[in-house]
Every structure is written in structure tokens, then in C-alpha cells.
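Trainee: Sequence:
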Amino acid sequence: MAVPLKEKRTSTLILVIIVGVLIGAYLNAIVEMLPGGTNVVKTFFTWSFPFGVGDFVHNKAVLLDLNAIKFQIGFQIKFSLLSIIGIFISLYFFRWYK
Numbered sequence: 024m025a026v027p028l029k030e031k032r033t034s035t036l037i038l039v040i041i042v043g044v045l046i047g048a049y050l051n052a053i054v055e056m057l058p059g060g061t062n063v064v065k066t067f068f069t070w071s072f073p074f075g076v077g078d079f080v081h082n083k084a085v086l087l088d089l090n091a092i093k094f095q096i097g098f099q100i101k102f103s104l105l106s107i108i109g110i111f112i113s114l115y116f117f118r119w120y121k
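Take any residue in the sequence shown, note its place counting from 1, add 23, and you have its number in the numbering used here.
If you are wondering where the hints come from, they were derived from the structure by calculation, not from laboratory data. Backbone N, C-alpha and C define an ideal beta-carbon position, used for all residues, glycine too. Any given hint could turn out to be false.
[Claimed, not checked] No more than 27 Å apart at the CA atoms, straight line, and that leaves these computed lysine-lysine pairs for DSSO-like: (1) K83 to K93; (2) K65 to K101; (3) K101 to K83.
[As the list claims (entries may be wrong)] Label-pair distances were calculated between CB atoms; the ranges are: (4) A91 to T33: 28 to 38 Å; (5) P58 to L86: 40 to 50 Å; (6) I53 to V85: 30 to 40 Å; (7) W70 to L45: 33 to 43 Å; (8) L38 to K101: 16 to 26 Å; (9) P73 to L38: 31 to 41 Å; (10) K93 to M56: 35 to 45 Å; (11) L57 to F94: 38 to 48 Å; (12) W119 to L45: 18 to 28 Å.
Sequences and hints are given; from them, build the entire structure.
Mentor: Right, here's the structure in full:
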């Protein structure tokens, strides 16, 4: 029997969503390795858009200089259709988590 969402922790839900994105990223890498060149279906499933903080094209993170301490902060998540499918798969299993 499924447990209501009110009884589950928010931090666990965030962790499950991150795991779902990772599952989708691995599925995306597997589909990209399939032979057959670049066709419409493969492009549809593997097209992704990056979301994050920092300039990853030129490999530069955001620099926060406090004169005594310097921080470099950066992260990036690539969302694709397979990432969304991975999120739904992980949320389905999270439904049964107690």
C-alpha cells in the first residue's frame, strides 16, 4: 500500500528526483551509443538543454572573491526527455517507499 506524500520527508523527495535525473542521464548515454546515425527519433530522445550556474562552454565557474577567501561555484544539470522519464520512474518507486 502506498504511503501518503504528507508523511514523507522533503529531503528524501529531492534525493529521489536527483536519482531520477541520473537514471535519465544514463539512459540518454545508452541511447546515444546505439548505432544508426542521427535520425529524428534518436535526436528527439537525446536532445537536452543545460541548466546551471557557471560558464561550462569555456570551463569557468562563478568566482566569488571576498578578498581573504575566494570561492569558485558551479554546477550543471542537463535535462532531456529521458531525464524526465527517469524522474517519473524514481517517483513511481518513491511512492512505495515507507
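Trainee: Run the structure past the numbered hints and jot down the numbers of the failing ones, going up.
Mentor: Violated hints: 7 and 9; rest satisfied.
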